Amino acid sequence: MRIDGKGLIDRTKPVRFRFDGKDYAGYKGDTLASALLANDVRLIGRSFKYHRPRGVLTAGSEEPNALVEVLGPKNQTPNVRATVQEVFEGLVTQSQNRLGSLRFDLLAVNDYLSPFLSAGFYYKTFMWPRAFWEGLYEPIIRRAAGLGSLSGKHDEGVYEKAFAFCDVLVIGSGPAGLMAALTAGQAGADVILAEESHQIGGRLLSDGGMIGGMSAGDWVASVVAELTAMPNVRIMTRTAVTGAYDHGTYGALERVGLHKPARPNLPRECFWRIVAPHAVLATGALERPIAFENNDRPGIMMASAVRTYLNRYGVSPGKRVAVFANTDAARGVARDLMAAGVQVAAIIDPRPDASAVEDCPVHLGAEVVGSRGRLGLTGIQVRKGGETFEIETDCLAMSGGWNPTLHLTCHMNGRPRWDAELAAFVPMDGAVPGLVAVGAANGSMSTHGALATGHAAALKMALALGRKVSIDLPEAEDAPYGLKPVWAVEGKGRAWLDFANDVTTKDVKLAAQEGFRSVEHMKRYTTQGMAPDQGKSSNVSALAVLADATGRGIPETGTTTFRPPYVPVSIAAMGAGGRGEGFAPQRFLTSDQASRDRGAPMIEAGLWYRPSYFPKPGEKTWREACDREVMMVRQAVGVADVSTLGKIDIQGKDAGRFLDFVYTNTFSTLPVGRVRYGLMLREDGLVLDDGTSARLGADHYLMTTTTAAAGLVMRHLDFVHQAFCADWQVRFISATEAWAQFAIAGPKARELVNSFLEAPVDLPFMGVAPVRIGGVDGRLFRISFSGEEGYEVAVPTRFGEALFRDLLARAETMGGGPYGMEALNVLRIEKGFITHAEIHGRITAHDIGMEKMVSAKKDCIGKAAAQRPGMWGPEREQLVGLKAADTISAGAHLFVPGMEIHRETDQGYVTSVGWSPTVGAWLGLGFLKDGRARVGERIRLVDHLRGLDVICEVCHPVFHDPEGEKLRA
Amino acid sequence: MPELIAKSALEGFSAQHLAGATLAEAEVGPITSVAVYPDGAKALAKGLKSIGLTFPAPNAFIEKKGTRIVWNGRDQAFLTGVVPPTLEGAAVSDQTDGWAVLALGGPGAVDVLARLVPLDLRLSAFPVGRVVRAPVNHMNAVILRTGDYAFEVMVFRSMARTAWHEFEAAMQALAARAAMKS
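Protein chains in written order, with my numbering: chain G, 1 to 969; chain P, 1001 to 1182.
For the record, the hints were derived by calculation from the structure and aren't laboratory data. Everything numeric in this text was worked out from a predicted model, so none of it was measured. Every residue gets a Cβ at the ideal spot worked out from N, C-alpha and C, and that includes glycine. Some hints could be false.
[What the hints assert, rightly or not] Distance windows between CB atoms, simulated:
(1) P:1107 <-> G:225: 44 to 50 angstroms
(2) G:814 <-> P:1074: 46 to 52 angstroms
(3) P:1120 <-> G:225: 27 to 33 angstroms
(4) P:1074 <-> G:226: 46 to 52 angstroms
(5) G:229 <-> P:1129: 27 to 33 angstroms
(6) G:684 <-> P:1074: 22 to 28 angstroms
(7) G:698 <-> P:1085: 18 to 24 angstroms
(8) G:555 <-> P:1129: 54 to 60 angstroms
(9) P:1074 <-> G:28: 53 to 59 angstroms
[As the list claims (entries may be wrong)] Pairs of lysine-lysine residues, derived as BS3-like cross-links and limited to a Cα-Cα distance of at most 30 angstroms, are as follows:
(10) P:1181 <-> G:6
(11) G:74 <-> P:1181
(12) P:1065 <-> P:1042
(13) P:1064 <-> P:1046
Please work from the sequences and hints to get the whole structure.
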């Protein structure tokens, strides 16, 4: 129920939202949890395994119970913590993990089956028959035990990722964090203050009190005003720091637009990478529940949460509240409730020596041993001495003490230290370099302790940054903590430790009994701490129970490892912008639009988009277009954009020497104005790439690489240069993007070329010359990848589109036109030219019949390694051509006809195929054991994937113009 | 004779003004790679002196009357805005058409860059005259701080559209954030 006059919500801004199909009213500043509690909705979800009715346990991001689905126009977000999600006009939410309605969940039958569903039940119950696991057991278990569901659609929401840098990162904005931010900010350091909630102030917003003579709220407001006015301080609300990584890098998740209706371009979340040499961990502490029988009913919640709902949201989660707590601090909850006019039924305090002076009944040395109320708490059983009695209550505020929120200090494998006084783990100093824990996160539980440690840490950091500051520490309470640890109350029934994964004290004891005594084993056996909340409320209590069950102390038992992220992070935020086409940059050719104008389907090759084929009216399949384009090149002239090939400009007195070193063959002897085909090996002797290099001047070469290996070759050259010959007079740079280059191939190629040059050139095969085209300086190469007379003309990229369109127009008047990747592939298969389909990384020069290209007169990269035994010889698979009447496929394997088909009889494989309209057969390139000696043999091609089984003829790889008369014409 | 019309990398993309930032294609004139040979520094210095420049220190660029020499890698710099004079002691290679240059300006520019570049480009950490080779999301780029609130980003020309899209998307998100607050 809502309490008049309390809370920091904006009562002038009412909002309507929906939960499970019903509309409710709340206020701006409410979370879904506070607004539902204000509407007396206590049942919010069903538990993971037993489908027990569950309500709100906490008021923060640690919430294990109140997980809901948020339904957007385009998204369905599961496992949203109602304690974190702010309400806004039009918010639509629903409960999850139920079959039927939330009140009558059919899967609640699991609760009655609980004796069979104890820890390890998967391993014990579903072992037999084995085949039933995938088909039967797993789907049933997945349906029954689960959390929220996904829509099954792509998440088309906008997400953002961003980077930030600062001198001091302050994590948390309670008294410790604010004091640290203020101190570092006044010192002039670049400060980022990250707060996971939407309001600054941390526990001061919930607990009140006095700081420096003013109310905590006023002090927070004054500090916020001061920080806001500092240009060197950046306040980031709704930002949870999720992980600590190397070199002072922190991950953080900002909820940018999740508290508003979706708007175009507004990110839902932003994943930040924040780099800070200094960080202050001021994350406070998390209150821990006490395990007692049926302690998981809606209405039983953390004492601090009750206080937060009251003071921050103006909501009392109950009309008659009971308090079960073992600290003095928790008494404040009862006092605040009474001051607000809420009845407090009783305070149950296990400490026999605590104060009994309160304005309500106080039971010292007493414990809560049970509860009732199926869908919401109606009463509790209290045991005092040997006596048990009932107390009527609809809300039990429980507190078993506090655990410092030290998770981030463990992200680089640091282990926390047990502090017996606090009965809690505290961080080890220096566990994350540069990160200093202060306040309650470091076990300083009082407000004074928080202010003082935050102040001191920031002063040290300012000093390290070479800055000075003088700032007074405001007065604040410094009350002792006064805790007597109570982890679990003795009893027969199930007492919950991990609410999110339905782990009870019995499960932990069973784990210990069955030999899972290590805390890491217990965790995995019981699944304690493995839910979305990562056991924030249950880890320490569970290991205390384990310690007890195994007769060890807590320090010997140890703790499980906290790993990032601290709160769940959506993959969409981490991969922001990377969906669909955002996955990788797109590289577009200058001919792109002209190709698309002609209806060419574009395919991606090394991030480039290249035309597949150019359909003509009446052509029904890609093959028809491809066949036509092949014959067009063979009979007239074709034009293709080959700008994607890597171009590396190499200069210097040692340029030739360098090429001799990286290529197997010799380039230093190449005359100026000539081009040579070259083969490049890796250091291990296998083929890296092939291509041509042209000598443009005495000390100037232009290397061409394949499209796929352009980056790889550049990297290889850099490596060779830096590692082996850094002192040589050679420099190189990629020029791939600087030139648009077009292949012109076919019997009419020369005629076409001469039609657009300012002055015709008579270029020999493998020649290069500077040319002028319409006043533009370009280069003309006479090279061929098709087997026809071929040229490649290059102009500066800005002229590419104009030249391409001009070339097409000219070609078309000569019976030619553009050809795409499909035709280009068929043409080169007909000619037996290799691509990276053949030189795929396991191929030697010998395998492709190019062993003679490895010069005997000089050394080169990979030469020694290529001469190792096993790198050549008849036992290796060698490049052959294949010819067949029927469809064949790349990826098929080759076998001797009549032999059995299995791995051991495999004779080789096929790398490239295509229908050759020139030859009138299916042609392929492949690798066959001792293949060159087997030309003329018949071989059986089997492709199990595509169901092909074809007899082929083994051929020499060059089918078209084997003497090379056409390209030399 | 063909009439070859030149097209810039981002022909048809008009300047965007959003979230306190302006995105536009920049025209920087000729771009020439100058890579010093071992022992070539002296000879190169002589040639550069003729246009009032010296070879820049790592991560720096030097500007004189619209002409810049931009450090670009080990022993390598880009001379921009001028047809290079005869330079000895270095490999000289035309890169004009290899790059698309995006100008990002305005007080919001740093925030836009912070969405795409994982480096510390705070105005205090990345002063005018500084240059870095850094990734812009998945693209290799050269980023210059050319003025108080002015940056230039060079990317491979073929990726210009992707770069434009990524900057524009970052600006749209920032504008939507700003609109949410108001």
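Hint check:
The beta-carbon spacing between residue 1107 of chain P and residue 225 of chain G, approximately 23 angstroms, falls outside the hinted interval of 44 to 50 angstroms. For the pair residue 814 of chain G and residue 1074 of chain P, the beta carbons lie near 49 angstroms from each other, so the given range of 46 to 52 angstroms is met. The beta-carbon spacing between residue 1120 of chain P and residue 225 of chain G, approximately 29 angstroms, falls within the hinted interval of 27 to 33 angstroms. Hint check: residue 1074 of chain P to residue 226 of chain G, Cβ distance near 47 angstroms, so the stated range 46 to 52 angstroms holds.
Between residue 229 of chain G and residue 1129 of chain P the beta carbon distance is about 31 angstroms. The supplied range of 27 to 33 angstroms therefore holds. Between residue 684 of chain G and residue 1074 of chain P the Cβ separation comes to about 27 angstroms, which falls inside the hinted range of 22 to 28 angstroms. A C-beta distance of roughly 21 angstroms is found between residue 698 of chain G and residue 1085 of chain P, which places it inside the suggested range of 18 to 24 angstroms. Taking the beta carbon of each, residue 555 of chain G and residue 1129 of chain P are about 57 angstroms apart, inside 54 to 60 angstroms as hinted.
A C-beta distance of roughly 57 angstroms is found between residue 1074 of chain P and residue 28 of chain G, which places it inside the suggested range of 53 to 59 angstroms. For the given pair, residue 1181 of chain P sits about 26 angstroms from residue 6 of chain G by alpha-carbon distance, which is consistent with the 30 angstroms threshold. Among the hinted pairs, residue 74 of chain G with residue 1181 of chain P is consistent with the structure: their alpha-carbon atoms are about 23 angstroms apart, no more than 30 angstroms. Restraint check: the Cα-Cα separation between residue 1065 of chain P and residue 1042 of chain P comes to about 23 angstroms, which is no more than 30 angstroms; the hinted pair holds.
As the CA atoms of residue 1064 of chain P and residue 1046 of chain P are separated by approximately 16 angstroms, the hinted pair is consistent with the 30 angstroms bound.
Hint violations for this structure: number 1 only, all remaining hints satisfied.
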